[in-house]
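So the sequence lines, in the order shown, correspond to chains B and S.
For the first sequence, my numbering assigns the number 1 to the initial residue and increments by one for each residue that follows.
For the second sequence, my numbering assigns the number 1 to the initial residue and increments by one for each residue that follows.
Do not rely on the hints blindly, as some may be mistaken.
[Said to hold, decoys possible] Quick partial rundown of chain S residues pointing at chain B, CB under 7 Å, derived from the structure: (1) V190; (2) T197; (3) G204; (4) F210; (5) L223; (6) W224; (7) V239; (8) N271.
What the hints contain is simulated information worked out from the structure, not anything from laboratory work.
Glycine residues also receive a C-beta, built at the ideal position from the N, C-alpha and C atoms.
2 protein chains.
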Amino acid sequence: MHGGLAVVGVGLLGGSVALAARRRGLGPVIGIDRDADALEQARRGSLLDVASTDLTAAAAADLVVLCAPVDRIADLALRLAPACRPGTVLTDVGSTKAAIVAALEGRLPPEVAFVGGHPLAGSEKQGHPHADADLFVNRRVLITPTPATAEAAARRVESFWRAMGATCRRMTPQEHDRAVALTSHLPHLVASALAGTPPPELAGLTANGFRDTTRLAAGGAQLWSAIFRSNRDALLDAVGRFAERLERFRAALEADDAAALEELLQRGRRNRDELLG
Amino acid sequence: MHGGLAVVGVGLLGGSVALAARRRGLGPVIGIDRDADALEQARRGSLLDVASTDLTAAAAADLVVLCAPVDRIADLALRLAPACRPGTVLTDVGSTKAAIVAALEGRLPPEVAFVGGHPLAGSEKQGHPHADADLFVNRRVLITPTPATAEAAARRVESFWRAMGATCRRMTPQEHDRAVALTSHLPHLVASALAGTPPPELAGLTANGFRDTTRLAAGGAQLWSAIFRSNRDALLDAVGRFAERLERFRAALEADDAAALEELLQRGRRNRDELLG
Numbered sequence: 001m002h003g004g005l006a007v008v009g010v011g012l013l014g015g016s017v018a019l020a021a022r023r024r025g026l027g028p029v030i031g032i033d034r035d036a037d038a039l040e041q042a043r044r045g046s047l048l049d050v051a052s053t054d055l056t057a058a059a060a061a062d063l064v065v066l067c068a069p070v071d072r073i074a075d076l077a078l079r080l081a082p083a084c085r086p087g088t089v090l091t092d093v094g095s096t097k098a099a100i101v102a103a104l105e106g107r108l109p110p111e112v113a114f115v116g117g118h119p120l121a122g123s124e125k126q127g128h129p130h131a132d133a134d135l136f137v138n139r140r141v142l143i144t145p146t147p148a149t150a151e152a153a154a155r156r157v158e159s160f161w162r163a164m165g166a167t168c169r170r171m172t173p174q175e176h177d178r179a180v181a182l183t184s185h186l187p188h189l190v191a192s193a194l195a196g197t198p199p200p201e202l203a204g205l206t207a208n209g210f211r212d213t214t215r216l217a218a219g220g221a222q223l224w225s226a227i228f229r230s231n232r233d234a235l236l237d238a239v240g241r242f243a244e245r246l247e248r249f250r251a252a253l254e255a256d257d258a259a260a261l262e263e264l265l266q267r268g269r270r271n272r273d274e275l276l277g
Numbered sequence: 001m002h003g004g005l006a007v008v009g010v011g012l013l014g015g016s017v018a019l020a021a022r023r024r025g026l027g028p029v030i031g032i033d034r035d036a037d038a039l040e041q042a043r044r045g046s047l048l049d050v051a052s053t054d055l056t057a058a059a060a061a062d063l064v065v066l067c068a069p070v071d072r073i074a075d076l077a078l079r080l081a082p083a084c085r086p087g088t089v090l091t092d093v094g095s096t097k098a099a100i101v102a103a104l105e106g107r108l109p110p111e112v113a114f115v116g117g118h119p120l121a122g123s124e125k126q127g128h129p130h131a132d133a134d135l136f137v138n139r140r141v142l143i144t145p146t147p148a149t150a151e152a153a154a155r156r157v158e159s160f161w162r163a164m165g166a167t168c169r170r171m172t173p174q175e176h177d178r179a180v181a182l183t184s185h186l187p188h189l190v191a192s193a194l195a196g197t198p199p200p201e202l203a204g205l206t207a208n209g210f211r212d213t214t215r216l217a218a219g220g221a222q223l224w225s226a227i228f229r230s231n232r233d234a235l236l237d238a239v240g241r242f243a244e245r246l247e248r249f250r251a252a253l254e255a256d257d258a259a260a261l262e263e264l265l266q267r268g269r270r271n272r273d274e275l276l277g
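Chain B with its partners taken away, still in its complex shape (with noise of 0.2 Å):
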């Protein structure tokens, strides 16, 4: 058998691609993970047809799809390759593309692609009991082609995401680092540094201002450690381009000049409303 579709790290990501391609009848859906019990969990569950700790598993798939953490994704591409037939595709979804790309580029063998995807769509909950089969239903996907990609490949996964009702969006992984440190990792930083300000003796004095402007912070340390450290240049810039913000925040505040924070608050309010478009 070559066909169908493998997911490597049966996560929140890997789980919902699994379960939304079965729903879509993009099986069969080969499933690998390092855990045995999670994985046998996600097949008793009807996410996955197949399921393996082996990773050259996946080399049955002509599509593989690598929803492991930014930072082991790579690694992993490089010792499936090997196995993988000529034609097969790999692809990602990890939150960071530059250095992914760059680790791939020119080492896989010549007829099996890497192109670089991020589904701009996911949960600050973890592990594929939270698996949602319309995860990706009218979201975008940023999916980041090089010149050394072939075009068919990147078709390939287009093709992929459309028919998990999604809508893609080509990048170079260097434009797509730079515009996700700023719409997605310092909304991440920054409520996880929120989160950590007041002293918790102010239990019970929140509200749901708080308690969504925090969500992200939710999110699990180890998987974001590696994101930030993975976009540590674009991210630091965006943290420069926040805190300079906040002090005109805080000079404003501190002349009690109504007017200028009236303007910042409007500025924030119609920016954002842009954003969202």
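Starting from the structure of chain B, add chain S where the hints point.
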């Protein structure tokens, strides 16, 4: 007639107080607003029994809830109180308490009481069409009596909010302002600074994380400028504490220190869990 409830300022909060009170049989409800059209809509929408643009119409009630912006509440109380009968209790829903309580202490007729209140409930939405009869159910209302407050007046306000489904907690106006600077005003300021950071060209590259983290930035700029200014010292302190945590993230990222980043992320997550109880 002397009895029932008056709501001064029929926006989202005032409209919700009115609707919630009528649904729970705590009426009749007199609604006061400067905007005659909005008021008439609210009356036709069954939020109010009586509507008036004349502030002193509120004097017919024995409990008056001032639902105006924080910088107008004390003035409304000072103008209304001389028209009130002995035994009338005035309260409010303002997001800051120290300035309002200080502006009224010792300045009202002896048999008219003011008790500061602040329901930890709200929305970035504005206007009575978004009024919600259950906005206060299972929410906490912070009540800020002072040593000069008649105990019966504080109890009257507490029993009102309990009848609306809320629980009450007493604290001093100063304790209140220091606490909400960290749990409410800081999150609003941070959400707004974050919402203003990514350039608008990144429209379409945001996910739910950005939307939720910046939700508060959709709130009214004038309302929040006034809230920030009336809690200036405590908010400046809160911004300073947040900036310190942000700087720790920046330094850990600059040093590419995985352990430090993970610890910071974990602290955010744990502290949030403690705060949300």
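Checked hints:
Because the smallest distance between the Cβ of V190(S) and any Cβ of chain B comes to about 5 Å, under 7 Å, the interface hint for this residue holds. The beta carbon of T197(S) is positioned within 7 Å of a beta carbon in chain B (closest approach about 5 Å), and the interface hint is therefore held. Given the 7 Å rule on beta carbons, the hint for G204(S) holds: about 6 Å separates it from the nearest Cβ of chain B. Of the supplied interface hints, the one on F210(S) holds, with its beta-carbon coming within about 5 Å of a beta-carbon of chain B, less than 7 Å.
Hint status for L223(S): violated, given a least beta-carbon distance of 9 Å to chain B, over 7 Å. A hinted interface residue such as W224(S) counts as satisfied when its beta carbon comes closer than 7 Å to some beta carbon of chain B; here the least separation is about 6 Å, so the hint holds. Residue-level restraint check for V239(S) holds (minimum Cβ-Cβ distance to chain B is 5 Å; threshold 7 Å). Because the smallest distance between the Cβ of N271(S) and any Cβ of chain B comes to about 5 Å, under 7 Å, the interface hint for this residue holds.
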